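Participant: Between the sequences and the hints, there should be enough to build the whole structure, so can you do that?
What follows is each chain in one-letter form.
Protein chains: 2
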Amino acid sequence: MKLDYELLTDLYQLTMAQGYWECGQRDVAACFHMYFRDYPFKGGFAVACGMAQLAEIVETFAFSDDDLAYLSSLDAPGGGPLFKPAFLEHLRTFRLSVDVDAVPEGTVVFPHEPIVRVTGPIADCQLIETALLNCVNFQTLIATKAARVCLAAQSPVAEFGLRRAQGAAGGVWASRAAVVGGCASTSNVLAGKLFGLPVSGTHAHSWVMSFPDELAAFRAYARAFPNNCVLLVDTYDVEQGIRNAIEVGLEMRARGERLAGIRIDSGDLAWLAKTARRMLDEAGLADCGIVLSNDLDEHTIQSIRDEGAKVDSWGVGTKLACAYDQPTLGGVYKLSATRGPADAAWTDRLKISESAAKLTTPGVLDVRRYFYGDGERLAGDMVFDVNAGARCETIVDPADDLRQKNLSGLRFETLLKPLARKGETVLAPALRDALAARERTQAGLSTLDESQKRMLNPHTYPVGLEYGLFERRRDLVVRLRGIA
Amino acid sequence: MKLDYELLTDLYQLTMAQGYWECGQRDVAACFHMYFRDYPFKGGFAVACGMAQLAEIVETFAFSDDDLAYLSSLDAPGGGPLFKPAFLEHLRTFRLSVDVDAVPEGTVVFPHEPIVRVTGPIADCQLIETALLNCVNFQTLIATKAARVCLAAQSPVAEFGLRRAQGAAGGVWASRAAVVGGCASTSNVLAGKLFGLPVSGTHAHSWVMSFPDELAAFRAYARAFPNNCVLLVDTYDVEQGIRNAIEVGLEMRARGERLAGIRIDSGDLAWLAKTARRMLDEAGLADCGIVLSNDLDEHTIQSIRDEGAKVDSWGVGTKLACAYDQPTLGGVYKLSATRGPADAAWTDRLKISESAAKLTTPGVLDVRRYFYGDGERLAGDMVFDVNAGARCETIVDPADDLRQKNLSGLRFETLLKPLARKGETVLAPALRDALAARERTQAGLSTLDESQKRMLNPHTYPVGLEYGLFERRRDLVVRLRGIA
Chain A
1410 MKLDYELLTD LYQLTMAQGY WECGQRDVAA CFHMYFRDYP FKGGFAVACG MAQLAEIVET
1470 FAFSDDDLAY LSSLDAPGGG PLFKPAFLEH LRTFRLSVDV DAVPEGTVVF PHEPIVRVTG
1530 PIADCQLIET ALLNCVNFQT LIATKAARVC LAAQSPVAEF GLRRAQGAAG GVWASRAAVV
1590 GGCASTSNVL AGKLFGLPVS GTHAHSWVMS FPDELAAFRA YARAFPNNCV LLVDTYDVEQ
1650 GIRNAIEVGL EMRARGERLA GIRIDSGDLA WLAKTARRML DEAGLADCGI VLSNDLDEHT
1710 IQSIRDEGAK VDSWGVGTKL ACAYDQPTLG GVYKLSATRG PADAAWTDRL KISESAAKLT
1770 TPGVLDVRRY FYGDGERLAG DMVFDVNAGA RCETIVDPAD DLRQKNLSGL RFETLLKPLA
1830 RKGETVLAPA LRDALAARER TQAGLSTLDE SQKRMLNPHT YPVGLEYGLF ERRRDLVVRL
1890 RGIA
Chain B
1410 MKLDYELLTD LYQLTMAQGY WECGQRDVAA CFHMYFRDYP FKGGFAVACG MAQLAEIVET
1470 FAFSDDDLAY LSSLDAPGGG PLFKPAFLEH LRTFRLSVDV DAVPEGTVVF PHEPIVRVTG
1530 PIADCQLIET ALLNCVNFQT LIATKAARVC LAAQSPVAEF GLRRAQGAAG GVWASRAAVV
1590 GGCASTSNVL AGKLFGLPVS GTHAHSWVMS FPDELAAFRA YARAFPNNCV LLVDTYDVEQ
1650 GIRNAIEVGL EMRARGERLA GIRIDSGDLA WLAKTARRML DEAGLADCGI VLSNDLDEHT
1710 IQSIRDEGAK VDSWGVGTKL ACAYDQPTLG GVYKLSATRG PADAAWTDRL KISESAAKLT
1770 TPGVLDVRRY FYGDGERLAG DMVFDVNAGA RCETIVDPAD DLRQKNLSGL RFETLLKPLA
1830 RKGETVLAPA LRDALAARER TQAGLSTLDE SQKRMLNPHT YPVGLEYGLF ERRRDLVVRL
1890 RGIA
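Chain order of the listed sequences is A and B. Just so we're aligned, residue 1410 is where the first sequence starts under this note's numbering, counting upward by one. Just so we're aligned, residue 1410 is where the second sequence starts under this note's numbering, counting upward by one.
If you're looking for bench data, these hints aren't it; they were derived computationally from the structure. One thing to keep in mind: the hints can contain errors.
Copies of the same chain look alike in the list, so a pair counts if it fits in one copy or across any two.
[Stated by the list, open to error] Simulated pairs of lysine-lysine, DSS-like, Cα-Cα distance not exceeding 30 angstroms:
hint : residue 1 : residue 2
1    : 1493      : 1602
2    : 1767      : 1814
3    : 1831      : 1719
4    : 1767      : 1719
5    : 1862      : 1831
6    : 1719      : 1602
7    : 1493      : 1719
8    : 1814      : 1719
9    : 1767      : 1602
10   : 1767      : 1683
11   : 1862      : 1719
Note that this is a predicted model, so its numbers are computed, not measured.
Facilitator: Given below as C-alpha cells:
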C-alpha cells in the first residue's frame, strides 16, 4: 500500500485551512513547536527520532487529482459540500512553504523543550501537524525504549517485534527507531532494505515441528546454514533441546564449522541460561553463544543479568516495538506566535490551561544545551526566544518557578537545526542515516550522569525557560485571562 | 511511502524458506492457525479485523528485482552470502499458493479459537506469517477497543487518534478498525479516502489563538462553516468560552443557521458537560449538542455518563488508536499439521509448552458456533478438526479439562470462510467493506449476553475443543515428550 502524507491528517486541519483561506488569515505567519510534557517510561531521558520521515513528509506533500476528487465528494453534516471548489483549486497548486527546524535524530531530549519548530503560513503549519506528531511521537517513543533496553542489556539486542507492532508502517519505522536507540539489528527485512539497517534472525519452532524429530531438524538447519547457525532449543523440552544442539554443535566442529549459538524462548530464562552455559561449556562448546527471547524488556533483562546469567545477545519484540508499558509519547504541537503580513514582529500566543504544567510557551523558540567542562557532562537546557535572545543565563522550571538554575559561564550549543526552508528540505544525508543517529544516541547518553539513566526513579535533568521568557509568559497569562 | 508486503517479514522466514527449499521440505504441505490466548482489555470478547489488509497482502505478494538485489546483498554473520543465487532465482518467479480461511471482519471471537487458517507449502505459509500477524493482531485489538468504547458511550464516537497512533499505516488501519468496531467516524482523511469511512472534525485551539480574541475566532468559524459549526470552548476559560459560543449561536440562529455543538477538551468533563448543558438550555440553544474529548476511554466515558452528563458525541483519540491499556493482542500463528507429497492424510504437529494454556492444538481446524433458540444468543464455540469432524458435541476447555459443555441439539454455524485459494483471493467485496463489517459487529454483539459485555469481570464465554480432538492432543503430548 502507498501512504499519501498530504491526506494523512485530521479532517479539521483541512477545514481550518479553508477557514483561514476564506477569512483573510491565509497570510498570517505562525510558529508552532512540538514538545512532550512527561518523561516516557518514568525514565530520565528521551531519544529524539522521526526526523527522516518528517523530511519525507515535507518532500512529498502535494494534493493529487485523486485527493481533490475525494475531498470534493465530502458533505458537511448540515448539508452541502464540505469544501468549496475555489479552495480545492487552491490546494491543487498548493506547496508547503514552511521552515522546519528540528533536533537531529539520536539527540537526547527532555520534557518541555521544543524538538521541532515549524514556521510559515498558518494553514501550512497545520496541514503537516498530524503527520508530524504521528511520526515524531511514535519514533521518539520507540528510540527511547530501545535505548533503555540496550542500557540494561549491555550485549547486542536484536529487535523483532514486527508481528506485534501496530500496523505495517508502524513496524517498519519502529524497527528503524529501535536501531537509532541502540539495537544492533532488526528482524524486519523491509526496514533493513528501506533504511540500510543490519538484519538478523534464527529459526522458528515450526522448523523443528516440521521434521520427524528435533535432532533431524537441527541437523538439517546446520547443513543449510553452517555460517549462521543458532538453534532454537525449546520446542519440546529445553534441556533435551540443549543436548540435541550440543550433539549437532560437535558434529559441526568435526566438519570445521561452528555452532554460533542456541536460543531459549520460554521458561525461566535466567535459570535456563545458566544451565545452558554450564552444559555447553562442559561439552567443550564455550564458543557457542546464548540468545534469550520471550517478552523481554529493560526490567526483565536487568533482572536476568542481576542473577548472573551470561547472555551473548537478546531478541526483544513485543514490548519494544509497541512500547508496551507506555504506547504513546503524548507529544503536542502548539501555536506560540503569529505575525500578520504588515507586522514587523511576532505576537506571542498562549493556550491557558488549568495546570502550570500544561501551559504553552510563547515566542519563536530554540534550546541552548549547557555542558560542564569541555562537553563531557550535561548541565542544563535553556528554552529561549530566538528574537529576544538570552537576557540572563538563569533558567526557571516551567511547571515550578521555585526551581531555578544559573548556567552562566558554561559552554553551550543550540539544539534545533534546519530541516526545511520554504518547504524545501535541507536535511543533510548524514542527518537521515539511522546508523549515524545511533552513534549520536550513544554519544548523547554518555554525557548523561548515571543517575539520569537509572531505570527506577532517575534524577530529573534541569530544563527551564530563560528568565525573561518566563516573565513574558507570566504576564501574558494575566492579560489573556482578562480578554478571553 | 510504499509498503512491499513480500519483505514485510522477519528475516528468519526467508532463511527458513531457503532451508526448506534446500533440504527437500519444499513440497511439504503445512497447516497454520492464527489465534490469541487471552481476552484483550480483561473484557469478555474480541472483534476480528484485519482480513481486508490480509487479502491485500496475499494479492500483492511478489518479489521485485529490487527486493532480490537487496536480499543478495546480505551476508551471513559467519561470512559469505546469506542467500544462495539459485534460491533467489526461485523467489523471482515465486507466487503464493496458499489457501486462507478466516472469520469475516466484525465477527465476535474468543481466545483459543482459530481466526485465520493457512494451508499450503510450508515455506509459503511462513512467508506471510509476520505480515498476517501484524495486521490481524493490531486491527483485532483496535476493533475490540472501539467496540468497548462504543458500548460505554451509547452516543456516536469519532476516532481521532492519528497524531498518537503508532506510525502512519498503523494510524490508517487503526481508523478503519475503529469504524469496524463501532465508531461513527474518524478524523483520519487518508483512511476515509482509502476505505470509504465517514470523516469528521471540529477545529483546534490554534484557530482560536490565531485571532485577536475568542469571540472573533468563533464568529469567523461560524461564517466559514454555517453547516458544520462545532466550537471548541476551552482555549482560555471554559465558562467564558461557553458564553462566547452562546453569543455566536444566537447570532447564527438570527441568520437562520444552527450552532451544531460545542466541544470541551479539558478540565472535569462531567461537571463541565452538565454546566454547559444548563447554560445552553437557559440560552434557548437546546438544539446545540455537547461533544467531549480529552484522553477518553471506555472507563472514563462510563464514569461521565454515570454522573448524569448528557453527551451528544465523543471524540476518542490516543487511548483508542493505540489501545493504550493493552497495546498488543498477542495473537500467535502455530503449525498444527503437515502432509508430505506422498501422504494421503495430515500428520498432527504440536508445540509443547510448560503450561496447558500455551499448548498448541493439532489438526486442520475450524470453529462451530452454537446458538440458543433461533440464533439470538450464543451458547458456545467448538474447535474441531475438519477431517475428523465432530465425534460428539461436548467441548473441553483447552486450558482446564474439568470445564466441559454439551452443545448437542443446538443450531450452529461454521466460522471460517474462504479468503484465498491457491494464492488467489476469493474474498467477496462485501467481506472487505468496513461499514458492512461494522454491521456484523453490531449483530454479533447483540448475540452476547449482557454479562459478557460487562467492562469489569465479564462472564467467560465457553470455547472448547471437540472431545475427540482434546483426546488426540493429550495423546500426542505424551508421545512427543518421549521422542524429543
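Participant: Against this structure, judge whether each hint is valid.
Facilitator: Each hint, compared with the structure:
For the homomeric pair residue 1493 and residue 1602, the shortest alpha-carbon distance between copies (18 angstroms) is at most 30 angstroms, but the shortest distance inside one copy (42 angstroms) is not. In this assembly of identical chains, the alpha carbons of residue 1767 and residue 1814 lie at most 30 angstroms apart only when taken from the same copy (21 angstroms versus 54 angstroms across copies). Neither within a single protomer nor between protomers do residue 1831 and residue 1719 lie at most 30 angstroms apart by alpha-carbon distance, with minima of 53 angstroms and 47 angstroms respectively. Taking the shortest Cα distances, residue 1767 and residue 1719 sit within 30 angstroms of each other only across copies (27 angstroms), while inside one copy they are farther apart (45 angstroms).
In the homo-oligomer, the alpha carbons of residue 1862 and residue 1831 never lie at most 30 angstroms apart, since the shortest distance is 38 angstroms inside one protomer and 53 angstroms across protomers. Taking CA atoms no more than 30 angstroms apart as the test, residue 1719 paired with residue 1602 passes in neither setting, with 32 angstroms inside one copy and 52 angstroms between copies. Proximity of residue 1493 and residue 1719 under a CA criterion of 30 angstroms is satisfied in neither setting, with 66 angstroms inside one chain copy and 34 angstroms between copies. Proximity of residue 1814 to residue 1719 under the C-alpha cut-off of 30 angstroms is found in neither arrangement, the shortest distances being 43 angstroms within a copy and 48 angstroms between copies.
With identical chains, the CA atoms of residue 1767 and residue 1602 are never at most 30 angstroms apart, being 41 angstroms at best within one copy and 34 angstroms at best between copies. Taking CA atoms no more than 30 angstroms apart as the test, residue 1767 paired with residue 1683 passes between copies only; the shortest distance there is 24 angstroms, against 49 angstroms inside one copy. Only within a single protomer do residue 1862 and residue 1719 lie at most 30 angstroms apart by alpha-carbon distance; the minimum there is 22 angstroms, versus 47 angstroms between protomers.
Taken one by one, the earlier hints fail for this structure at numbers 3, 5, 6, 7, 8 and 9, listed in ascending order.
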